[in-house]
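There are 2 protein chains.
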Amino acid sequence: MSEVLSKVKAAKATTVRLGSLTTAEKNEALIMMADALIANETAILAANEEDLRTGKEQGTSASLLDRIKLTPARIAAIAEGVLQVVGLPDPISEILETSTRPNGLFIEKRRVPIGVIGMIYEARPNVTVDAASLCLKTGNAVVLRGGSAALSSNRCIVNVLRDALSRSAMPADALQLIEDPKRSSVDEMLKLNGFLDVIIPRGGASLIQNVVQNATVPVIETGAGICHTFIDATAQLAMASDIAFNAKVQRPSVCNAMETLLVHRAFANEHLQAVAERFREANVEIRGCAVTHEFIGWSKPATDEDYATEYNDYILNLKIVNDLDEALEHIRRFSTLHSECIVTEDQANAERFLQEVDAAAVYHNASTRFTDGFEFGYGAEIGISTQKLHARGPMGLPALTSTKYRVVGSGQIRS
Amino acid sequence: MSEVLSKVKAAKATTVRLGSLTTAEKNEALIMMADALIANETAILAANEEDLRTGKEQGTSASLLDRIKLTPARIAAIAEGVLQVVGLPDPISEILETSTRPNGLFIEKRRVPIGVIGMIYEARPNVTVDAASLCLKTGNAVVLRGGSAALSSNRCIVNVLRDALSRSAMPADALQLIEDPKRSSVDEMLKLNGFLDVIIPRGGASLIQNVVQNATVPVIETGAGICHTFIDATAQLAMASDIAFNAKVQRPSVCNAMETLLVHRAFANEHLQAVAERFREANVEIRGCAVTHEFIGWSKPATDEDYATEYNDYILNLKIVNDLDEALEHIRRFSTLHSECIVTEDQANAERFLQEVDAAAVYHNASTRFTDGFEFGYGAEIGISTQKLHARGPMGLPALTSTKYRVVGSGQIRS
Numbered sequence: 001m002s003e004v005l006s007k008v009k010a011a012k013a014t015t016v017r018l019g020s021l022t023t024a025e026k027n028e029a030l031i032m033m034a035d036a037l038i039a040n041e042t043a044i045l046a047a048n049e050e051d052l053r054t055g056k057e058q059g060t061s062a063s064l065l066d067r068i069k070l071t072p073a074r075i076a077a078i079a080e081g082v083l084q085v086v087g088l089p090d091p092i093s094e095i096l097e098t099s100t101r102p103n104g105l106f107i108e109k110r111r112v113p114i115g116v117i118g119m120i121y122e123a124r125p126n127v128t129v130d131a132a133s134l135c136l137k138t139g140n141a142v143v144l145r146g147g148s149a150a151l152s153s154n155r156c157i158v159n160v161l162r163d164a165l166s167r168s169a170m171p172a173d174a175l176q177l178i179e180d181p182k183r184s185s186v187d188e189m190l191k192l193n194g195f196l197d198v199i200i201p202r203g204g205a206s207l208i209q210n211v212v213q214n215a216t217v218p219v220i221e222t223g224a225g226i227c228h229t230f231i232d233a234t235a236q237l238a239m240a241s242d243i244a245f246n247a248k249v250q251r252p253s254v255c256n257a258m259e260t261l262l263v264h265r266a267f268a269n270e271h272l273q274a275v276a277e278r279f280r281e282a283n284v285e286i287r288g289c290a291v292t293h294e295f296i297g298w299s300k301p302a303t304d305e306d307y308a309t310e311y312n313d314y315i316l317n318l319k320i321v322n323d324l325d326e327a328l329e330h331i332r333r334f335s336t337l338h339s340e341c342i343v344t345e346d347q348a349n350a351e352r353f354l355q356e357v358d359a360a361a362v363y364h365n366a367s368t369r370f371t372d373g374f375e376f377g378y379g380a381e382i383g384i385s386t387q388k389l390h391a392r393g394p395m396g397l398p399a400l401t402s403t404k405y406r407v408v409g410s411g412q413i414r415s
Numbered sequence: 001m002s003e004v005l006s007k008v009k010a011a012k013a014t015t016v017r018l019g020s021l022t023t024a025e026k027n028e029a030l031i032m033m034a035d036a037l038i039a040n041e042t043a044i045l046a047a048n049e050e051d052l053r054t055g056k057e058q059g060t061s062a063s064l065l066d067r068i069k070l071t072p073a074r075i076a077a078i079a080e081g082v083l084q085v086v087g088l089p090d091p092i093s094e095i096l097e098t099s100t101r102p103n104g105l106f107i108e109k110r111r112v113p114i115g116v117i118g119m120i121y122e123a124r125p126n127v128t129v130d131a132a133s134l135c136l137k138t139g140n141a142v143v144l145r146g147g148s149a150a151l152s153s154n155r156c157i158v159n160v161l162r163d164a165l166s167r168s169a170m171p172a173d174a175l176q177l178i179e180d181p182k183r184s185s186v187d188e189m190l191k192l193n194g195f196l197d198v199i200i201p202r203g204g205a206s207l208i209q210n211v212v213q214n215a216t217v218p219v220i221e222t223g224a225g226i227c228h229t230f231i232d233a234t235a236q237l238a239m240a241s242d243i244a245f246n247a248k249v250q251r252p253s254v255c256n257a258m259e260t261l262l263v264h265r266a267f268a269n270e271h272l273q274a275v276a277e278r279f280r281e282a283n284v285e286i287r288g289c290a291v292t293h294e295f296i297g298w299s300k301p302a303t304d305e306d307y308a309t310e311y312n313d314y315i316l317n318l319k320i321v322n323d324l325d326e327a328l329e330h331i332r333r334f335s336t337l338h339s340e341c342i343v344t345e346d347q348a349n350a351e352r353f354l355q356e357v358d359a360a361a362v363y364h365n366a367s368t369r370f371t372d373g374f375e376f377g378y379g380a381e382i383g384i385s386t387q388k389l390h391a392r393g394p395m396g397l398p399a400l401t402s403t404k405y406r407v408v409g410s411g412q413i414r415s
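Chains C and L, in that order, give the protein sequences.
Per the UniProt record's numbering, residue 1 is the first one in the first sequence, and the count goes up by one each step.
Per the UniProt record's numbering, residue 1 is the first one in the second sequence, and the count goes up by one each step.
By construction, these hints were calculated from the structure, which means they are not laboratory data.
The reader is advised that the hints may include incorrect statements.
Because identical chains cannot be distinguished in the list, a pair is counted as satisfied if it fits within a single copy or across any two copies.
Within a straight-line C-alpha distance of at most 20 Å, the following computed EDC-like cross-link-like pairs (lysine to aspartate or glutamate) qualify [said to hold, decoys possible]: (1) LYS182 with GLU122; (2) LYS300 with ASP313; (3) LYS109 with ASP358; (4) LYS56 with ASP66; (5) LYS182 with ASP346.
Generate coordinates for the entire structure from the input sequences, incorporating the hints supplied.
Here it is as structure tokens:
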């Protein structure tokens, strides 16, 4: 039996037990996980050093190495994240509906764990712990397949966590790490219907598209964000400039950062140069439409391919539009349905934008950077869903649950 | 452009308008659809006659022809079904959560339509109308691909409905029928990510598996039901016999009918012959384990393949088990996670069964035949989900919705 199948089966074998654990038992296990991360800091750092050394030998980029790199402070923050999950309310066994039918049947709809969750993600050791704590808190078994550039770190972390679980009420087999670095181990996971209940991909566009295109197991698509900000004619300069600047520059590498700024021509006439100047000072390259170039001589031309690109970088598309309709049309064409914003003082335009734009989160007069589980008050998130089924937007603990109807009768039969 | 792509695009172009329709406008359109079905009875019956004639020429089975056949009474019942959907509450724009964050952001989570729904189903003209009315009531566009044996009926019905819509506030293009009878038109639908938001297959196991195995568009898996009833040691004879008989015989062709009866050995010792006799009188073939044969000389042997088969027929698997654990283990192995029942007077066993069995609906002392949108009080259903994401069990109108976060600020940026 392959590593993937044997580990997925071992995870599945724990689901009945996991579904019956009390909140206290789950929290106790999570606290032991957090403690174990701190207690084993030295071993984890040594394993991480191995990944970094291998990465340097193989010429891995500095930004990827930084994502992989752990420090005592980062390990402490990761353990703290687990304790935050301990503090979140447990959605399992929540009763969502009850009814008594005319024939006397009592029907109750309860939240239950999904079962076995497969996580496919890039080389980020922090995601290993985040995903484990969120899935286990909701009574799910989890099979992790992280990027191979962090394999040594992940192996050490998962061993530490499983060792902690083995001293708790939670079965250690509920947490599995696929160590096979070959792409075929991902391919195998994608087809394990009946064993994996869902796969959540987390990472760049190519990782996610590989999962979406090839999985037969249900997938929750996350992440890709080509987010727009539309500055309407009536927008206030300071607010519009702050929101646009924040959405692009505060952290360009994340999915809720802005890629394209749409500006109403009337606003552009008055204020575009002031807005653009701020981007220039922050070393943001602007790729614009032909009209943009009339305002900003140093802008480069934007192509349709640019409008369809998630840069995750200090590059911004800029397009001048004649009205709200043109902005809406551009967004409909290029949006990945993640987060979209209008800055306007015109309530009717704001309402139309919020109503008509099809995205997980639509904003009026606030930065798209707020699409985030913590910012929304969910305390944590396993990802941001950009699909419309099951969960949309930041996914907190309830997104990791399913439901079950419990029907209690006294001999009812159907006539 | 192919028929599929052009019709899906035409449907997608209506979604902004659909999402903004009032409940009154949608209901008015549905009433016009119902009226039009009655008014065009003659044309629909003539088109149906064509399907029946073609079917007979091609040697189509009598049961399939019966499913295709329309009569004035059936058309009236179908139209009445549309009016029942009119009477259901409209979930769109329902506010599911609101919060004001410490930074003053106001966040509202609202129900919105999913967008464009693809329905792939067998030759059942009634499903054409059901799916259309449920999807349109929830502000979704719908692209129907029904079995080609009912193509003439479906074409006539959809023309009648689109003609009715063209006189309403709802765009006629929101309702599309794929007429290409080739399998390639289904294949094309399965890959239309970005155009179709979800595909719901409805029909037999092979139709559903084709969709699940080949779609890259998100799928809501429906239908397949290998449902079990477990008669525990303490079950009352009359209740157990009634529930088991009802679950198998009342309508064997449907997904919530029982395929396998598990009987505790202590109950079997006392009562199995009485229970079996009733099945014999109803011409139900029993395929049993070796122990079953000791009780029922006329039973045939059951194989693992039998236990894994959804007969939808007057055939029943029967297995004698020594205890609840053995019953749970059998169910875990063969269940399709649809509907599972325990008949018992032992509350602890009942609770354990309801807790541990992983299925959309779990029953204590009632027939599995109740897993149904009407029986659950949802008024209608588009199908019964056997997957754990998005919706599980009977899917009423809320299962045809997604959500959107509307975030209203006053210039908030992230620090």
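Hint-by-hint comparison with the structure:
1. With identical chains, the CA atoms of LYS182 and GLU122 are at most 20 Å apart within one copy only, with a shortest distance of 13 Å there and 41 Å across copies.
2. Taking the closest pair of Cα atoms, LYS300 and ASP313 come within 20 Å of each other only inside a single copy of the chain (16 Å); across copies the shortest separation is 69 Å, beyond that limit.
3. Taking the closest pair of Cα atoms, LYS109 and ASP358 come within 20 Å of each other only across two copies (13 Å); inside a single copy the shortest separation is 30 Å, beyond that limit.
4. When the C-alpha separation of LYS56 and ASP66 is checked against a cutoff of 20 Å, the pair qualifies only within one copy, where the shortest distance is 11 Å, while the shortest distance between copies is 70 Å.
5. Proximity of LYS182 to ASP346 under the C-alpha cut-off of 20 Å is found in neither arrangement, the shortest distances being 54 Å within a copy and 51 Å between copies.
The structure is inconsistent with hint 5 alone, although it conforms to all the rest.
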